[in-house]
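Novice: Chain by chain, the residues:
There are 2 protein chains.
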Amino acid sequence: MRELAGRRDLIGVNTATLGHREPLEVVARRVAAAGFGWITPWRHEVDEDHPERAAAALRAAGLRAGGYCRTVYLSGADAAQRRAAVEANRRALEAAAVLGAPFLVAVVGGLPEGATDLAGCRAQVLEGLAALQPTAQATGVRLALEPLHPVYATDRSVLNTVAQAVDWCEQLDPGAQGWVGIAVDAYHAWWDPALETSIARAGRRIVALHVCDWLRQTRDPLQDRGMMGDGVIDLRRLRYCVEAAGFDGPVEVEIFSRLDWWQREPDGVLRTCRERLWSVC
Amino acid sequence: MRELAGRRDLIGVNTATLGHREPLEVVARRVAAAGFGWITPWRHEVDEDHPERAAAALRAAGLRAGGYCRTVYLSGADAAQRRAAVEANRRALEAAAVLGAPFLVAVVGGLPEGATDLAGCRAQVLEGLAALQPTAQATGVRLALEPLHPVYATDRSVLNTVAQAVDWCEQLDPGAQGWVGIAVDAYHAWWDPALETSIARAGRRIVALHVCDWLRQTRDPLQDRGMMGDGVIDLRRLRYCVEAAGFDGPVEVEIFSRLDWWQREPDGVLRTCRERLWSVC
Chain A
3 MRELAGRRDL
13 IGVNTATLGH
23 REPLEVVARR
33 VAAAGFGWIT
43 PWRHEVDEDH
53 PERAAAALRA
63 AGLRAGGYCR
73 TVYLSGADAA
83 QRRAAVEANR
93 RALEAAAVLG
103 APFLVAVVGG
113 LPEGATDLAG
123 CRAQVLEGLA
133 ALQPTAQATG
143 VRLALEPLHP
153 VYATDRSVLN
163 TVAQAVDWCE
173 QLDPGAQGWV
183 GIAVDAYHAW
193 WDPALETSIA
203 RAGRRIVALH
213 VCDWLRQTRD
223 PLQDRGMMGD
233 GVIDLRRLRY
243 CVEAAGFDGP
253 VEVEIFSRLD
263 WWQREPDGVL
273 RTCRERLWSV
283 C
Chain B
3 MRELAGRRDL
13 IGVNTATLGH
23 REPLEVVARR
33 VAAAGFGWIT
43 PWRHEVDEDH
53 PERAAAALRA
63 AGLRAGGYCR
73 TVYLSGADAA
83 QRRAAVEANR
93 RALEAAAVLG
103 APFLVAVVGG
113 LPEGATDLAG
123 CRAQVLEGLA
133 ALQPTAQATG
143 VRLALEPLHP
153 VYATDRSVLN
163 TVAQAVDWCE
173 QLDPGAQGWV
183 GIAVDAYHAW
193 WDPALETSIA
203 RAGRRIVALH
213 VCDWLRQTRD
223 PLQDRGMMGD
233 GVIDLRRLRY
243 CVEAAGFDGP
253 VEVEIFSRLD
263 WWQREPDGVL
273 RTCRERLWSV
283 C
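Protein chains in written order, with my numbering: chain A, 3 to 283; chain B, 3 to 283.
For reference, chain A alone in the conformation it holds in the complex:
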């Protein structure tokens, strides 16, 4: 298992962790100053007509783009909506390439309004992902399929377990050319009794490891994530498994915390993130 302490090349921050309160160039400077080598920005922080400007801001701060967040939902209610989503995601892949991000995080969307055909919705999402293959291969930016916690199956993602993500990778990319991979997020996956076997199956398909914690008293399943070490997840065990499977990228902190960390002073939040990465992850 890798030693994270002192290794800025092994730790990163997702900008959501600071609550999107400041422009990307300001956040990038703070993240670099706190000892991180990687940053994962969101689309709404980047001018996608001129993504080279964001790329320059990251470079100026001495950071690399760990990834890019994220696809628009592929589970539209009709074919026109789903085609528009594919188009929007092609543009995101192109912007990610300019940023130098190795992957675009794919959050696939939940069941459309009025729908109850979950299997059908999943099949449509797979079609949308397949349509992104040429752009992913042309840009060299992978799609990182991120299974979301089952509590979001209705409104955010019909992709809900690592096992399912592995199945999808095998269907989309049977030759393992590598244009799709998997983002394992501790918050979404920690509860899964099949997690360790699924991670082993995923192997080097895993392109991202996101950490935070699941608080015992969760007040809001969306925006009350905990700081690493404040909840119930055995994060070191998770990192051990993911690295044993072959993952060698940076560990990324992603904390949605409207009720707590987003209220705090950013440099202190980043300092705590780094200390907890070193002590509990």
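Computed Cβ-Cβ distance ranges for the label pairs, DEER-style:
#: 1; chain 1: B; residue 1: 116; chain 2: A; residue 2: 224; range: 18 to 28 Å
#: 2; chain 1: A; residue 1: 50; chain 2: B; residue 2: 206; range: 50 to 60 Å
#: 3; chain 1: B; residue 1: 280; chain 2: A; residue 2: 44; range: 46 to 56 Å
#: 4; chain 1: A; residue 1: 202; chain 2: B; residue 2: 5; range: 37 to 47 Å
#: 5; chain 1: B; residue 1: 121; chain 2: A; residue 2: 176; range: 28 to 38 Å
Source of the hints: derived by calculation from the structure; they are not laboratory data. Please read all numbers here as calculations on a predicted model, not as lab measurements. Heads up, the beta-carbon is just placed ideally off N, CA and C, and yes, glycines get one too.
With the hints as your guide, set chain B onto chain A.
Specialist: Then chain B, alone, in the frame of chain A:
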């Protein structure tokens, strides 16, 4: 697939659906009058020093006990707590036998306060379940393992998928003597990409099918369940799969709805339950 309409022998109500506002004998009369043949009461509604009184009340109403709710949590923080839980659950099995209930629903408990060893907790729960085998066999009351939605893994259940329940059945009862079974609850299981294959694997281990619905706008993951047909679950497909696997028991309505149905007049609620069982389940 069975036709439910007009078949009181195929439909039941869990008393939680009415919010535990009236004594069991009153609820039983309402349930029978609404056209149901089965009722599943909770322990706090039954005087376990004299369970024959509750049994007589059900009989007087013309109902059978569909099951009995439920075990106390087996995931205690220390060995003494876990032993006490086993003792309490033995008494529940004995009361269930007097009620004539074919099974005791097992909700196994979440991670104890301060714990992060999920695998260890699961192993301890399995030990507690194993300790109940002699009583289950002596009373003839099965333990119905109920996987709960992953959103409850911290506070209510470390058993979270039907696949995991099948694994546990195979470990606890390798000879399939039948003292453990599985309760499939639509609310807990609907999102699972492995649900249909897991149900097929479970086969006749499935001893209960609980229905309600997952509302698109869930305000409280615990007590804002929807009436069948008001949410996103394809309940007919679920019943089809469970019956194809060999299940031939009654379909049980269990709706925790502090914010809506528990506020309504009980006979109207039961009428709606019956109509929805006939029309959407």
